[in-house]
Amino acid sequence: MPLSKTQLLKILLFQEIRNILLSPALWGLLIALSLLVGYSFIQAVTLFSQASQTALSYPELAAGMNPLDGIFVPTFGAYYLIETLLLPFIILRLIGHDKQNGTLKILLQLPLSTFALNGVKLAAMALVWLLLLIPAVSVVINWKILGGSIYYPEILTLLLGHALYSLTIVCIAMFATAIAKTLPTAAMLCLGVTLGCWVLDFATGNGQGWLEILNNWSLTTLLRQFESGLLSSPTIAAFLILALLFFTGASVWLHPGKQLQLKIQSSLLVVAVLLLAAVGCSQLGGYVDMTANRQHSFPPADVRALQQMQKPLIITIHLTPEDGRYYDLDHEVLAKLKRVVPDLRLIFADTASGGLFAASGSDTYGLIEYEYAGQKEQSYSNSPEEILPLLHKLAGQKVTRDKLQSYSGHPLVADASGSKVWFYLLLPLLFLLAAGLLQQPRFLRNHESEK
Amino acid sequence: MAAPEEKELFRADNICKHFGHQQVLTDICFSAYPGEILGIIGPNGAGKTTLMECLTGLLPLSSGTIYWKDQQITPQQVNPFIFYLPDGVLPYAEQKAGQVVTFFQQLFSAENQQLQQLLERLELEPAQEKRVHSLSKGYRKRLLLLIGLLSPQPLLLLDEPFDGFDLRQSLKIMQLLRETLSGRTLLLSIHQLTEAEKICDRFLLLNGGNVAAIGSLKQLQEQAKVSAGGLEEAFLALV
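Protein chains in written order, with our numbering: chain A, 764 to 1214; chain B, 1128 to 1366.
Simulated from the structure, these hints should not be mistaken for laboratory data. We put the beta carbon where it would ideally sit given N, CA and C, even for glycine.
In the DSSO-like style, the derived pairs of lysine-lysine whose C-alpha atoms are separated by at most 27 Å in a straight line are:
1) K868/A to K1223/B
2) K1352/B to K1325/B
3) K1264/B to K862/A
4) K1021/A to K1196/B
5) K1021/A to K768/A
6) K1196/B to K868/A
7) K1264/B to K868/A
8) K1196/B to K768/A
9) K1223/B to K768/A
10) K1264/B to K1325/B
11) K773/A to K1257/B
12) K868/A to K1257/B
13) K944/A to K1264/B
14) K773/A to K1223/B
15) K1257/B to K862/A
16) K862/A to K768/A
17) K907/A to K1183/A
18) K862/A to K1223/B
Ranges between beta-carbon positions, derived for each pair:
19) S1261/B to G1049/A: 46 to 56 Å
20) A1040/A to Q1203/B: 23 to 33 Å
21) P1019/A to K1299/B: 26 to 36 Å
22) L1032/A to V1353/B: 55 to 65 Å
Derived coverage of chain A by chain B (criterion: at least 3 residues anywhere in the stretch with Cβ under 8 Å from a Cβ of chain B; other residues may be distant):
23) 765-775
24) 779-785
25) 870-881
26) 1012-1022
With these hints in hand, go ahead and build the complete structure from the sequences.
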């Protein structure tokens, strides 16, 4: 009796999982990750401890000592490297080998779509990602043992960012494998896109117009939102749209029996639909500040007042986007305003500045003008403490701030050298042991008992 | 052996395939009947593999139609009826042969008894613990044949099934194919004429992407006007 599609998918999934677990590449990646994460963690703890020593002497500096920025983001930098440079090779191998050794020709004859076949690979890659979490969990435990403070919402946000980043990278690798004739070409295509995002991030950091749009959709920029502890629905949607775009592209182009014209038409349709979705998601609101120090939010009373500003708030900026003052203004004020003010319009005045190090010819350079309901205010400040009262004054609102306990920081002087044994020796040995055990016949039997 | 008078199981009409400006298959027409072994015979580059891949939807057809029991179907709809086993496939090369065999047994929902029988007949048991990539050419071929024979579809397309076997092994495989067919139809792509003559009921002679002739050995001899010799003489006279 023929199997149902669900039964077929289960058998295929188990086979793909076995295929991955038997691959030396996976265990090599895990060992490399363990070493890199360990090194990053120990370095981060050392630097954090040095900064904490000063902060313990000067309590006003302690507020700047938060484990997310000081420990977890630098440590997860190792994940960024592995996800960008090594993770794609697991999926390249998984699909590329099927293509090269002809297995794909057999699989394509099953009553399953290419979407289902790729979906199975993606599900198997989810297991890889769970294995990748082992060093991350070790970091959290080690930090806890050292006496460090952990605010789980920001750690989970960081992990979610890396999960979405990995998903997108895997889908890009899938697409590259589907369209390329050989594995080296697929690898070059995939790294071209992922490293391209990296370069884009450097090259267009403060770009305007289409460069800004491109940069906003770069994977590195999207991941940075999560690294900063900001959970935003547009960013999640952007990651999912990119992943879906490449996954659908991979599924359309995987089948060698489809006419080229049909593949191109389907791809264009997918791109059009996802472009519309992208436009839609750029209009999405929905931000949650997951940080312990609420670094992405104004005080709640200010937020409530700003949300009441129903008329357009026009801010004219007499600064070039490359100016460090603009960076501070954007980071401290504008980015937060964008998330709460219903109608915010930013205008860059013609500053006639000759560049980053050139003197401006304009007397008004550095000025920020605020206009609301026909009234105007201006300031040279980029601090929310000065700007927020101006805005409330424009809106005719009196704001009384709630008494909140301010974030006092979590400085910690610790010695993480004990973690070396775990990250450099025990964890790699455990991975080696697991790799060796899985080669034994009694492990990884086929998922159903024999008939 | 089936007679062409029987109701045809499968028919291909005017199958054409071109890669860019290069015409690879031109107006290929043939039928296959229940239980018969039809050999697609031709020299290397005749278009045998391309024809098989076009019929199973693994390559897009340029033009042509296919029928299953008089019902027109597209190559994307052939999966329930036709299984094609390409030549030189090395499925899941890093896994043990036994694991791969069990995987395909599950995938094709084949009975354990059938699998054991095939393992014995193909003498694959000693290779079960070896990884697929470390198998010899002969064992790899036997593993592929086992996968093909486990498949449930009524029409089985095998690409160069005897390539890599010596004469004695080929004869054993031929006997096995005959015995295990049990009503299935076989389409074999073969370039060795001696083997083809021994196993096939009918022959589709392909040359340069065209059908040179089709029929039983006797019919081919009649068309070629050769009374003596075998398939080789008929083939040379017709091509």
